[in-house]
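Novice: Each chain, written out:
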Amino acid sequence: MLRRYQALRRLVGPAGLRRPSLAALSLVVALVFVMVAAAFVSERAQGPRVSAPVYPARLVQHVETLTGARGWKQPSAMAVLDERWFVLDTGNDRILELDQAGIVRRVLDRQADKRLALRGPMAIASDDRYLYVANSGTSQVLVLEPGGRVEKVLALEKVEAEDEAPPRPIGLAVTGNGELLVSDADNQRVLRYDGEGRLLQVMGSGKRDGGPGGFNTPAGIALDQAGDIYVVDMLNGRAVQLSADGEFVRQFGRLGDTAGAFSRPKDVAVDSAGNVYVSDGLLAAVQVFSPTGEYLGFIGREDPRDPDSAPLFQAPAGLTISQGRLYVVDRFRGLFVFQLPGQG
Amino acid sequence: MRLPLLAAFLGMALASLMTFGLTLGEQGRVISSEHDLGVVAYPSGVSACETCHLPHDASGEPLWAQSPHPEGEPFSGSEPLCYSCHDGTVTAGAYAFDPAVAQHPTTPGEAGEHCDMCHDPHVPDYSNFLLFPSGANLCRTCHARSYDTFHTLNVDAIDSGNVPQDGLWDPNAGDISGTRLWDAGGSAPGDNLKCLSCHAAHGAISGDALLTMPYRDEVSTISPLCRNCHD
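Respectively, the protein sequence lines represent chains A and B. First residue of the first sequence: 0, per numbering that gives the first Met the number 0; consecutive thereafter. First residue of the second sequence: 0, per numbering that gives the first Met the number 0; consecutive thereafter.
Any given hint might turn out to be false.
What the hints assert, rightly or not - Stretch by stretch, here's where chain A covers chain B in the computed footprint (C-beta under 8 Å, at least three residues):
| no. | region |
| --- | --- |
| 1 | 32-42 |
| 2 | 48-60 |
| 3 | 82-94 |
| 4 | 97-104 |
| 5 | 194-201 |
It is worth saying that the hints were derived from the structure and are not from the lab. Glycine included, C-beta positions come from ideal geometry on N, C-alpha and C.
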């Protein structure tokens with residue numbers, strides 16, 4: 000029967016088999032195909048298609064996702080604290096502590112502290128004492144010592160009584176004065192809390208929205224040295240810069256699939272010169288902008304000089320910058336470390 | 000130098016054709032489905048289609064000569080697109096893509112044999128954007144075979160009686176061949192059981208039969224799968 004099913008499929012074609020009403024559309028689809036081909040050919044005729052500038056970051060280390068007991072499953076982010084690397088092993092609901100050679104030194108999970116009950120942790124940040132984890136599955140931010148002891152569990156309550164769900168934190172940053180900025184993927188807001196988890200400020204309208212004040216799935220958050228806030232606005236295809244008190248300053252990128260545009264931006268980081276780095280899970284690249292939004296190029300070619308080169312990344316997500324190095328966590332390919340140009 | 004213009008024009012024509020095609024086709028039902036995620040209130044707004052069919056700027060510079068997810072490789076076709084939201088960000092959880100657990104076999108790059116074998120992201124007729132109801136017979140939509148050679152549990156039994164004559168009903172028995180859980184109409188006893196009670200398209204424990212729990216156990220003759228419900 001299976002074989003017959005497959006034979007049938009070949010005969011009728013998938014569209015015909017599933018959606019006969021679409022058959023009339025096939026002519027349109029064929030036409031569209033010819034047009035795409037024409038557009039493609041016309042672009043080809045102008046010479047090399049791939050001309051997007053490559054950003055001169057140098058790959059210095061790649062730690063692949065391991066398998067087995069210390070293996071990683073769909074890691075999503077990392078933080079640096081005390082020269083050690085803390086990788087959020089999202090698929091295994093735990094944190095892995097790595098030394099600088101990329102060797103797993105310790106596993107932080109419920110065995111380290113009963114309150115370290117991670118469920119779908121999506122973001123991790125650090126200040127000079129603690130790690131902060133956005134535990135998306137339980138609407139909490141966990142504050143822990145690098146040894147794994149949980150210092151605080153901040154429960155995020157519904158902001159408005161009529162919200163369908165409490166916040167689902169998937170992005171997180173800690174400000175210089177110990178406040179937390181959290182992106183709430185379910186309610187389209189960015190929330191500011193004090194260190195005890197008291198809500199201080201609400202940014203965003205609470206529904207899928209655009210324009211200066213709106214978000215359509217806010218994700219990664221970062222701060223620059225002046226305290227300005229950068230938020231990835233995933234489904235609007237942009238990263239938004241807000242002043243330290245939350246006023247719209249500018250946006251980087253737009254929805255699209257070419258240089259300077261984003262297909263599915265995930266996380267953002269800012270270096271000490273104010274340059275802005277945005278990972279894109281679907282374009283398989285990290286794109287870089289100057290502080291004023293000028294496009295500086297992208298990171299992600301296996302061989303930066305070869306335009307036909309394969310991508311390094313499969314699904315790049317979390318970004319962290321520490322001491323002139325950019326750390327990129329890929330959901331399937333592990334951790335990449337780049338030396339940034341002009342940063343020691 | 001008219002070529003970029005031509006390309007831009009063709010791009011626009013394509014976009015408008017697609018929208019036009021939809022008012023006729025079934026894709027129109029994306030609107031107000033769970034996949035309607037656009038925001039159109041602004042001039043720079045994003046339509047429900049554009050969250051997946053990304054706007055293409057024909058004069059823009061592509062980053063890659065080919066797609067960064069080459070056709071035919073394990074993570075290709077529509078999968079990177081689905082994953083770009085179903086990765087714990089736009090939606091919670093990501094088990095459909097867990098490379099560490101067994102998934103239903105597919106052929107990426109072949110129309111109708113990849114995710115589109117079971118899902119159409121435009122059509123919310125059935126739960127989970129499936130192409131067929133996920134009731135008792137989900138897997139049997141394609142896997143229907145003769146009842147004596149097929150499923151150990153004879154789920155495709157032509158015998159309309161739910162209770163078999165052969166005395167092999169004991170879920171704790173090592174051998175359950177001949178057990179029938181479905182009648183000819185495809186209903187389970189009490190209609191409580193579905194193929195998905197024991198099987199999973201995503202996140203099964205092994206690829207052999209895509210079971211949610213081990214059927215055979217090294218240490219005991221009692222099947223952990225059966226014991227899960229019959230204890």
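Novice: Between the region 97-104 of chain B and chain A, are there enough contacts, at least three residues with CB-CB distance under 8 Å, for the coverage claim to hold?
Specialist: With 3 residues close enough to chain A, the hint holds.
Novice: Counting residues of the region 32-42 of chain B that have a beta-carbon nearer than 8 Å to any beta-carbon of chain A, does the count reach 3?
Specialist: holds (count 5)
Novice: Quick one: see if chain A covers the region 82-94 of chain B, three-plus residues with Cβ-Cβ under 8 Å.
Specialist: holds (count 10)
Novice: Does the region 194-201 of chain B contain three or more residues whose Cβ lies closer than 8 Å to a Cβ of chain A?
Specialist: violated (count 0)
Novice: Has the region 48-60 of chain B got at least three residues whose CB is nearer than 8 Å to a CB belonging to chain A?
Specialist: holds (count 9)
Taken one by one, the earlier hints fail for this structure only at number 5.
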